[in-house]
Amino acid sequence: MSTLMSDLGAAWRSVRRAPQFTAVAALTLAIGIGAVTTLTSVLDMLLFRPPVAVEAPERVVRLFFHHRNPQFGEWRNSSVSYPDFTDLGGATSFSSVAAQYSGSVSMGRGAEAAPASLAAVTGNYFSLLGTSPMLGRLLGPDDDRLDAGVPVAVLSERLWRTRFGSEPGVLGRTLPIDDQSYTIVGVAPRGFDGGEFDAPDLWVPLTGAAHRMEGNEEYRTNRGWYFISLMARLAPGDSLERAAAEATGLIRAGRSDSTTVNGFQDVQFGPVLAAAGFDFSATAALARWLAAMSLLVLVIACANVANLMLARGLARGRELAIRKALGAGKGQLVRQLFLEGALVAVAAGGLGIVMAAWGGALLRGYILSAAMAERFTIDFRVFAIAAAATLLAAIIASLVPALQVTRSDLTPVLKEGGRGSGFRRSRVRSGLVVAQVALSVLLVIGAGLFLRSLRNILAIDIGYDRDHLLMVDADPAVAGFTGERTGQAFDAMVEAAQNQPGIESAALNYGEPFGWSLVQGFRIPGRDALPKFSSGGPYIQRTTADYFRTMGLAIQRGHGFTDADRREHPAVAVIGATMASRYFPGQDPIGQCLMLGKDARDCTEIVGVAEDGVRYSPREEPQAIYYVPLPPPSAETRHLTLFLRTRGPSSEIAEAVRSTLQTAVPNLPYVRVRAMNEVLEPQYRDFRLGSTLFGLYALVAVLLAGLGLYSVLAYAVRGCMQELGIRVALGAAPASLVRMVVRDGMQLTLIGAGVGIAGSLVAGRALASLLYGVPAWDPLTIGVSSATVLLATLVASWLPARRAARVDPMTALRSNS
Amino acid sequence: MIKLVNLEKSFDTKPSPTFVLRRITLDIQAGDFVTIMGPSGAGKSSLLSILGMLDGEYVGEYWFNGQAVHGLKPKARADLARSSVGFVFQQYHLLDDLTVAENLEVPLSYRNLKSGERSARVADTLDRFRMVGKKDLYPNQLSGGQQQLVGVARAVIAAPALLLADEPTGNLHSEQGREIMELFRQLNRQGTTIVQVTHSEENATFGNRVVRLKDGWVVG
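So the sequence lines, in the order shown, correspond to chains A and W. Quick note on numbering that gives the first Met the number 0: the first sequence kicks off at 0 and runs consecutively. Quick note on numbering that gives the first Met the number 0: the second sequence kicks off at 0 and runs consecutively.
You may find that some hints are simply not true.
Unchecked claim - Under the rule of at most 20 angstroms between Cα atoms (straight-line distance), these lysine to aspartate or glutamate pairs were calculated in the EDC-like manner:
id, chain 1, residue 1, chain 2, residue 2
1, A, Lys531, A, Glu619
2, W, Lys74, A, Asp807
3, W, Lys72, A, Asp807
4, W, Lys2, W, Glu60
5, W, Lys74, W, Asp96
6, W, Lys13, W, Asp26
Keep in mind that the hints were calculated from the coordinates and are not lab data.
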């Protein structure tokens, strides 16, 4: 122990004697440790950290339903019908099965309305999870009945804190949500989210909520309405395999008479953490990739510092040789050098945690949901991750060079005029530089691929004028408007919007791009068969006259609708360009007849062809979409969406428009106004995240690799000044010395680039699913990325090469180095 | 071949400059074997560096084969040195990472010679200095005398008109030193002009002329 303390003391003194070297090495390692700690802790929160206040979470599963269908291929979804849920009530391998659905609601009305996220859950939801309340009580089976009386709600701790100031007296208060008042009966524990990616603000009983949503109890028997997701707790002693088999049998039996089987295959399970399941696989996959990339950055940083440690160790060859001559064994020398590096690594680890805490906040906010990011703390798990990264750094950055230095023959160093062993030609040094360059090339290629994917997806023409469009969601029915009065309410909002400065036009639509749309088939007289689209459909949109102008969809043939069409509701339709070309190839669709619906007797005449607009995703297959005039208001059409065309960028006036519309109609629930770019953003989010973070990592990696190469060559040049002097004395021109040093550096770089490219081809296969419009082996991306790294390393080689060119042969030849 | 006229070298120090060489005037004919001697600090190595055109910081005139070296720009001076001068060092200064053959090739790689010709000259020189059997050895596998032999071979492989030797036997024992000096005598007989710096009176006897320096002045 005393020997260890003595060695630690010697290591500390040695580190203090080289403050600049120590600072550079610690900072370099800290960047890598900080990156790994940040991304790994994000991954931990997404995929591994047990959800708060859930008992034995490993026994709780989410149910996913695997389908296969000749038309749509293979897919898994978590949404099922209520009858599917009741079918599973007979399962013996589950001790409990709960259902839930979530949505956005309005808390309060009029000017005080605020948005909230709600989860409607069955009465056994909290008992299934084994959760206890923080205040009051949680929902139970008695609350989840139609005759339960006044509906009740449980608040999240977050909502209780932000809206009610953590008042204990909140219990028993009334909370208006949409068109209903709820009595607050409890508060969930702090941080509880039920394993959801987006934690809800409050929980309400599902039965009552579904009944109010639909206006009847048809949801209980409608096998075609998939609106709930299921969670189950395994019965004691039961296995996942038996539970899956039993659940599959029950679902299959329940659906056997149904026409909506849709190719159901089997029930599969996901963990209670939603992000780790099939629904969020893209985000989780990206998070895994980013964590892996951060590990690469750490390795590059370690290789960088290892080379510096190696050079420093060799430069201290005389000291080590004397120690050896005085009786130090190899193990003692290795321990001394390792401890010096370990001290640097520990300092870097502390700095890395600070970086993860401060700098990582931005990153966490980008990847995690707001609630999850808020819940993040620097706890023992984060410390453990940082400690593991620090240990890895200490081993790579100091143990490897320590072993290498003490392996060298130090005896010649003691002889007069002798020089230390050749750092310049060290295989370890070369290997470390090659590794750094290879990893940098790998990261830059990754960044390039994501950037191209992002560019490709942003370039997709969605049809709409995305920069000048606002989408407004409001539900006047919650404020008591029904039937014809619903139309009047929407008209009032349209008028208020049109009077708002900066608004050019307004239109109403039944259906929402990137949200929802209805399918309604039709017949074309004289045609036995109609083209099928892999995307399903045909999809019908019911809209007002200004829709096409507002959305920025050009009318390519014929004309659109007029205001009179909404009042008189003639049987006319405008079809999308894709539908025109597929249904009427080589023909003029104007004047053609569509018989809408199975039992249609009258013709709906096609009066126009409109430019295609995206229905649900920029990456979707071609769609069959057609438009008809919006009919007079009815219960069916209460869910209208208002679209506004703005003169300037829509995001700049969104809040002003919201404030205007919130009070345009009395007592409206929260009016949600979103710029189209905001609506689109989830489609691009993963690509933006990937390209930003890969780009950031790539930049850090290239800087580290360049710094590493510069340091190594600078050390090498300093170490071989005498050789350079000899070469000048033998006739070398400055340019040849520059070429020599640059060639030394570039040889290693080219090998590293080759290894990096090979690595990217292997790793690319796994990355391919995250890209769009660009193959993982894209030669342009690989070429440009490699050239970028080569250029950076050329600059890094150039600086020490210039120093070599200025060597004074007389000084160099007199030096003892 | 070489004509020095009032050549002086000094360093700027306070309160007054420190002179390393004072008004050196010297003629060296082609084929001479000149020994420069003097106590430590006399300016011997500095004079050798100037003669070898490694150092251009001096005042006075230096004529080499009728060309005014003192008036040349650094690049032109380096070109002239490359084509005309070979250096032998006290500490051999071989390149540790290169074999004997590779060390011999280094000066040739800085001249415009094709690869085939370079190889041929290396082979000739190895043969001439009876080092063929050692061509693949590294400097640390050779004795001091053998290393200096390689140093001499490297200095003459490009057939320089002038060979400069700075204490060439300083790190060798007497037998090895004698062998090197015999070699110098042989080269001189073959036409190479040699200027050596040495403390050894015995080494001085191999030359045909001695120039003595003291405190930067030529004193004999």
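(request) Enumerate the violated hints, using their earlier numbering and listing them in ascending order. (result) Hints 5 and 6 are the ones this structure does not satisfy, whereas the remaining hints hold.
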